[in-house]
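Colleague: Please take these sequences and the hints and turn them into a complete structure.
Number of protein chains: 2
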Amino acid sequence: MSTLTVPQPVPPVADDCEQLRKAFAVSLYLLHTASSDSLIVCRWGTNEKLIISILGHRNAVQRKLIRQTYAETYGEDLLKALDRELTNDFERLVVLWSLDPAERDAYLANEATKRWTSSNQVLMEIACTRSPQQLLMARQAYHARYKKSLEEDVAHHTAGDFHKLLVPLVSSYRYDGDEVNMNVAKAEAKILHEKISEKAYGHEDIIRILATRSKAQVNATLNHYKNEFGNDINKDLKTDPKDEFLRAPTVKCLTRPERYFEKVLRLAINKRGTDEGALTRVVALRAEVDMKFISEEYQRRNSIPLDRAIVKDTTGDYEKMLLALIGHIEA
Amino acid sequence: MSTLTVPQPVPPVADDCEQLRKAFAVSLYLLHTASSDSLIVCRWGTNEKLIISILGHRNAVQRKLIRQTYAETYGEDLLKALDRELTNDFERLVVLWSLDPAERDAYLANEATKRWTSSNQVLMEIACTRSPQQLLMARQAYHARYKKSLEEDVAHHTAGDFHKLLVPLVSSYRYDGDEVNMNVAKAEAKILHEKISEKAYGHEDIIRILATRSKAQVNATLNHYKNEFGNDINKDLKTDPKDEFLRAPTVKCLTRPERYFEKVLRLAINKRGTDEGALTRVVALRAEVDMKFISEEYQRRNSIPLDRAIVKDTTGDYEKMLLALIGHIEA
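From first to last, the protein sequence lines stand for chains A and B.
Take the first sequence: its letters are residues 181 to 511, numbered as in our numbering.
Take the second sequence: its letters are residues 181 to 511, numbered as in our numbering.
In short, the hints are calculated from the structure, not lab data.
The structure displayed is predicted, hence computed values, not measured ones.
Please note that the accuracy of each hint is not assured.
The list treats identical chains as one, so a pair stands whether inside a single copy or across any two.
[Unchecked claim] Only pairs whose alpha carbons sit at most 25 angstroms apart, straight line, appear in this in silico SDA-like list of lysine to any residue:
no., residue 1, residue 2
1, 294, 360
2, 244, 472
3, 344, 379
4, 229, 241
5, 370, 342
6, 344, 380
7, 344, 428
8, 366, 336
9, 366, 444
Modeller: Below, the structure is given as structure tokens:
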């Protein structure tokens with residue numbers, strides 16, 4: 181469930197665009213000083229509060245319309261204007277939030293393929309927490325924007341165990357139905373248990389099951405695993421000393437994304453200095469999806485409401501925009 | 181280029197459906213014998229010639245419309261009627277031909293995942309000779325028909341080297357543009373040459389390049405390979421004693437599909453007893469795509485026109501339908 185709040189009635193798109201344009205306006209004011217005839221040139225800056233009050237309270241369809249209308253009216257991409265006018269974490273949050281979801285996934289995935297292995301987590305997230313149709317749309321947006329395929333960049337960027345897991349994950353187009361084959365679930369729970377017992381964590385059958393089965397089927401298999409072998413599979417996977425290879429997070433993303441994102445937030449906020457990259461990503465990407473669940477999970481797990489934790493760790497416009505997206509109406 | 185011939189003007193769809201219905205009509209005629217009052221019950225069979233004259237000369241859009249109109253008019257799927265009325269190779273040819281291309285790919289792929297490894301070639305063909313968009317539509321048709329994903333069945337069906345190659349091939353959604361990065365082409369030609377020289381035919385880089393790069397990029401890389409290292413890559417790959425693993429055919433399917441299909445036809449026709457399965461598949465699947473090129477290639481390579489070769493090897497309605505699809509107007 182979304183935490184986004186949208187005013188009722190929503191202002192006309194043209195008004196939103198006009199307000200945004202005003203928010204960006206850089207005006208030169210000529211002031212006479214009292215004591216002399218000299219002029220002081222003042223530069224009025226961007227009105228961040230106005231930007232938050234608009235973009236922080238419009239859903240994906242509305243933002244898309246705003247971006248289209250803004251481009252038609254002022255001959256400039258709204259994202260370019262945001263990029264120019266804003267800075268730092270606030271800029272990244274507003275820009276990520278303003279992107280169309282498929283474009284945003286393509287953008288983040290492309291960025292991830294250019295960075296170090298820690299960014300492999302972002303690729304796994306995109307591959308596993310989107311619906312099959314959304315992942316496909318991200319791959320189409322990737323073609324359109326980068327003139328390459330997502331999987332070729334991921335395959336080129338990764339090696340070894342990351343390669344073995346991430347390439348099939350980002351290439352998957354899982355069946356999206358609820359039907360479950362209980363015989364397959366039993367057989368594959370057994371295979372998973374065997375391979376994990378043999379410490380063959382990177383075995384092709386583990387990858388095959390996680391990367392190709394429908395989410396409903398993976399879930400049935402893991403339920404059977406727990407019933408039959410006593411442990412949650414994630415507990416067993418964590419005995420892998422090399423779990424930097426994302427197999428446990430993959431399982432979590434596929435079956436309990438809200439718990440996965442709670443943990444990302446927890447680590448980002450508890451980190452000395454805050455990991456703004458992760459905080460921004462989770463809030464911008466999940467606000468309209470399941471932020472309400474993530475936020476509830478966060479409070480249960482950390483005994484502090486997410487908004488309080490954010491207020492403690494962040495400041496300024498960045499803080500205000502985060503709060504707007506996680507549901508603060510007054511923000 | 182297609183070899184299909186369509187009459188001008190095309191008869192109205194309703195007429196085609198009526199004619200097909202007539203072709204299927206099983207009539208009981210009561211005849212008085214001259215010598216007595218007893219009755220002879222005669223069963224009039226299916227009119228195969230009429231079926232060929234219609235379905236053998238309609239393009240994919242027209243056939244789809246015929247199937248829709250037939251179902252609306254007679255409350256029965258045309259494919260079911262064909263299945264019931266026809267037999268053997270002729271049946272399979274007409275049914276494959278009448279299926280919508282994406283459905284047909286899904287059907288053939290599903291069949292292939294249930295058979296022995298020789299059918300892996302069919303999976304490779306589907307993955308490599310369709311456009312990225314067509315492969316995607318086949319995967320969507322697979323979801324709709326089998327309530328599973330193509331890649332999960334392929335991954336489950338294959339093992340070892342086949343698995344390593346086929347899963348990424350069927351999961352790929354390649355970039356479809358013509359842009360080529362010459363630096364990548366040079367670098368990857370070098371990688372291919374190194375791995376082949378080391379006889380590491382199943383190396384993940386070889387698979388990565390073949391399975392994820394756009395066809396234009398693969399082609400540029402292979403051109404560079406030939407320029408730089410002297411041999412056609414296929415010649416080098418063929419020194420692999422285990423080339424049953426389809427790497428050379430994959431290269432051919434990606435870059436010169438008409439040559440690949442010529443070879444499939446050549447082997448099917450030259451085989452003692454004819455491989456009707458392969459013959460049917462190539463004709464039904466390529467008649468509307470590149471059969472003209474395949475047929476020219478066939479004549480160049482075998483010094484006999486394809487139609488003459490088919491006439492020598494096949495008979496009856498099956499022969500007539502094959503000839504219709506490869507462009508015989510009189511058939």
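Colleague: Now, for every hint given, state plainly whether the structure supports it.
Modeller: Hint-by-hint comparison with the structure:
Taking the shortest Cα distances, residue 294 and residue 360 sit within 25 angstroms of each other only across copies (20 angstroms), while inside one copy they are farther apart (38 angstroms). Within a single copy, residue 244 and residue 472 get their C-alpha atoms as close as 23 angstroms, which meets the 25 angstroms cut-off; across copies the closest is 46 angstroms, which misses it. With identical chains, the CA atoms of residue 344 and residue 379 are at most 25 angstroms apart both within one copy (16 angstroms) and between copies (21 angstroms). For the identical chains of this complex, residue 229 and residue 241 are intra-copy neighbours only, at 22 angstroms inside a copy versus 55 angstroms across copies, given an alpha-carbon limit of 25 angstroms.
In the homo-oligomer, the alpha carbons of residue 370 and residue 342 lie at most 25 angstroms apart both inside one protomer (24 angstroms) and across protomers (23 angstroms), since each shortest distance falls under that limit. Taking CA atoms no more than 25 angstroms apart as the test, residue 344 paired with residue 380 passes in both settings, with 13 angstroms inside one copy and 17 angstroms between copies. In this homomeric assembly, residue 344 and residue 428 come within 25 angstroms of each other (Cα to Cα) both inside a single copy, at 15 angstroms, and across copies, at 23 angstroms. Taking the closest pair of Cα atoms, residue 366 and residue 336 come within 25 angstroms of each other only across two copies (15 angstroms); inside a single copy the shortest separation is 35 angstroms, beyond that limit.
In this assembly of identical chains, the alpha carbons of residue 366 and residue 444 never lie at most 25 angstroms apart, being 31 angstroms within a copy and 40 angstroms across copies at closest.
Hint check: a violation occurs at hint 9 only; the rest are consistent with the structure.
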